[in-house]
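Q: As a plain string of letters, each chain reads:
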Amino acid sequence: MTTFWQATFDGVALGSLYALIVLGFVVIYRATGIINFAQGGALLLGAYITYNVSTSWGWNYHVGIVLSVLVCAGFNVLLQRAMLQRVFREVVGISAGLLGWATLFYNGTTHLVGLSGGVAIGLLGWFATARIEARYGDKGPSELPLFGAIMVTIGVLFIVKQVVASIWGFAELSVDDPWELSTSRVGGLVLQHSKLAAIAMAVLALGVFFLVDRYSRIGVAMRATHFDHEAAIAQGISTKIVFATAFAVAGGAAALAGTAATAGPELITPNLDFVVFLAFPAMILGGLDSPAGAVAGGLLVGWIQNLVKTYVATTPEWFPIEDLDWLGAGFERVAIFVVMIIVLMVRPYGLLGTEEVRRV
Amino acid sequence: MNAEPEPPAILDVRNVEIVYNSVILVLSGVSLRVDQGEIVTILGANGAGKTTLLRAITGLLEVHRGEMTKGSIIFDQEPADHADPAKLVRAGVSQVMEGRRIFAELTVEENLRAGAYTVRDHSAVAAAHDRVMDLFPVLRPRQRDTAGYLSGGEQQMLAIGRALMASPKLLLLDEPSLGLAPKLVEQISEIITTVNEQGTSVLLVEQNARMALSVSDRAYVLENGRIVKEGTAGDLLEDDDIREFYLGVGEAGRKSFRDVKSYRRKKRWSA
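So the sequence lines, in the order shown, correspond to chains A and B.
Using the numbering used here, read the first sequence as starting at 1 and increasing by one per residue.
Using the numbering used here, read the second sequence as starting at 361 and increasing by one per residue.
So that you can see chain A by itself, here it is in the shape it has in the complex (with noise of 0.2 Å):
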């Protein structure tokens, strides 16, 4: 039984985790419609600020948890507002621009050539994009489309990646956290302290937003726009107020999760926004459009993860099958979307998206 409750521990520390990664993803599609990829981006950026705030310069780690957290935010709608609602040249131009400067940046030239280098991409990119619509588009400068809009963000997060590599690099990194390895024992369980941590930063977090999601005018405001957004607009609410709020919030969570992530025993590489990709069926499980989903989703499948990982390196004595190592090393992360599909079955939008409501 001491396994089953440690892989629960475990996993509702993993979970709690994803629970903050997939509230990102889905206050941003409940309001935008996007999935934005480049939460992964902010997460990696939220932990390297932490690491950087907390080790390099030595300050105090909680410090560095509040910056990262406000800088994770700025750049979630700097995103949304440089990048997400533009015309499609000016889209086009910013990322060639972006693209160029990090290739530059990453292939080491100085920053005055990468700088300017991005920036002679980038007017190509948009005076060609901008011609090409010219002659071949039927009119105007074009709105970028919101699947172009998801697609901008996985760029986003790929350019991120880089940036983040070419400053602090491909070495795995210990974050100077008050917890180190330090654990309690409680029965036969080992309560690591950073995931005890973990779970206490989601718990506030997610409380705060809940709060302000139900009673606050912006709470209402998010809502209201994601159930009818002409109406919404109808009623005064300023979508640009209500999309950079979406998106800062969600860049504050994935701050927190990249911190949660870092903190203890764990490392810091410019890989960890993998863990962004885990954390996506979390999202389709607990219902596109909810938070309550996302915090549930998270939680299953942080638990689910765990424990299949424990209980396929050692098989339980009344399973009947003795040796599951034909399942192969990371068999946790295939039973993860197993159970999505699963769910996806019985409840096609998630369990707890919104079902449309009509009166019959």
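Heads up, some of the hints might be wrong.
[Said to hold, decoys possible] With a straight-line cut-off of 30 Å between C-alpha atoms, the simulated DSS-like cross-links for lysine-lysine are: (1) B/447 x B/529; (2) B/447 x A/240; (3) A/161 x A/240; (4) B/529 x A/240; (5) B/543 x B/430; (6) A/240 x B/430; (7) A/309 x A/161.
Worth flagging that the hints you see were computed from the coordinates, not collected in a lab.
Dock chain B against chain A, hints included.
A: Only chain B this time, still in chain A's reference frame:
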């Protein structure tokens, strides 16, 4: 008709032309005014451009890729064309959209709070809330219910209540009688009168001409994107064309197919 000096117009729409998608001309040369404290009706068939006109007034054209290419809209002495919808709501224009468009998944209470989004002052929100509850006592016990499960009439009342939460100077109503039983239509028209008596000017878009003309002071008839008739409600109620096309009181007796054809010919005043 009366000799009193005219009160200033709350809404003045001048010579407006609206184009969708840069090619589809929906309104051209439309002018109308709503004076302070008036109820004004716009009558018109489907596709005449009534909703488009309302969108132009509330700044929602952009959502539909529409553009005002000519003319001007002045609300409360301030230019209101090309204005941001949020700014217009703050200035005092609220709209009850066609088909109610309440937030079905939110509660009644949350719908009302969404309507009060632009109001920062808590006591003003509370006052507006009390006013809405007094106007629509049926909503009072249902505040925590999901709005989508209200009856059609209650939903319409919620939609009007939501618009009133911003305490507008001008209330725009787009077909509030749509899909409602006659008794409810009567109730809605009483509410419109009450709201107007409390000091809100009303611009009412309707296909139910009988109801609309019974509550309003003046009316415009919109056909194919143009104003083809205007006058006081009383005059229009007496007008032969209005009686025939909107009120369905024509010469007695069943109509033959030829009459139907003549109806279609006659209907194009502006042609």
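Q: What's the verdict on residue 447 of chain B and residue 240 of chain A, does the C-alpha distance respect the 30 Å limit or exceed it?
A: holds (13 Å)
Q: CA of residue 447 of chain B to CA of residue 529 of chain B, is that 30 Å or under?
A: Roughly 14 Å separates the two Cα atoms, so the pair holds.
Q: Sort out whether residue 240 of chain A lies within 30 Å of residue 161 of chain A, counting only the CA atoms.
A: Answer holds: residue 161 of chain A to residue 240 of chain A is near 27 Å, not above 30 Å.
Q: Can you confirm whether the C-alpha distance between residue 240 of chain A and residue 430 of chain B stays at or below 30 Å?
A: holds (27 Å)
Q: Taking 30 Å as the top limit, are the C-alpha atoms of residue 529 of chain B and residue 240 of chain A close enough?
A: OK: residue 529 of chain B and residue 240 of chain A at ~25 Å, within 30 Å.
Q: Decide if the proposed pair is consistent with the structure: residue 309 of chain A and residue 161 of chain A, CA atoms, cutoff 30 Å inclusive.
A: holds (28 Å)
Q: Are the Cα positions of residue 543 of chain B and residue 430 of chain B separated by 30 Å at most?
A: Roughly 41 Å separates the two Cα atoms, so the pair is violated.
Consistency with the previously given hints fails for number 5 only.
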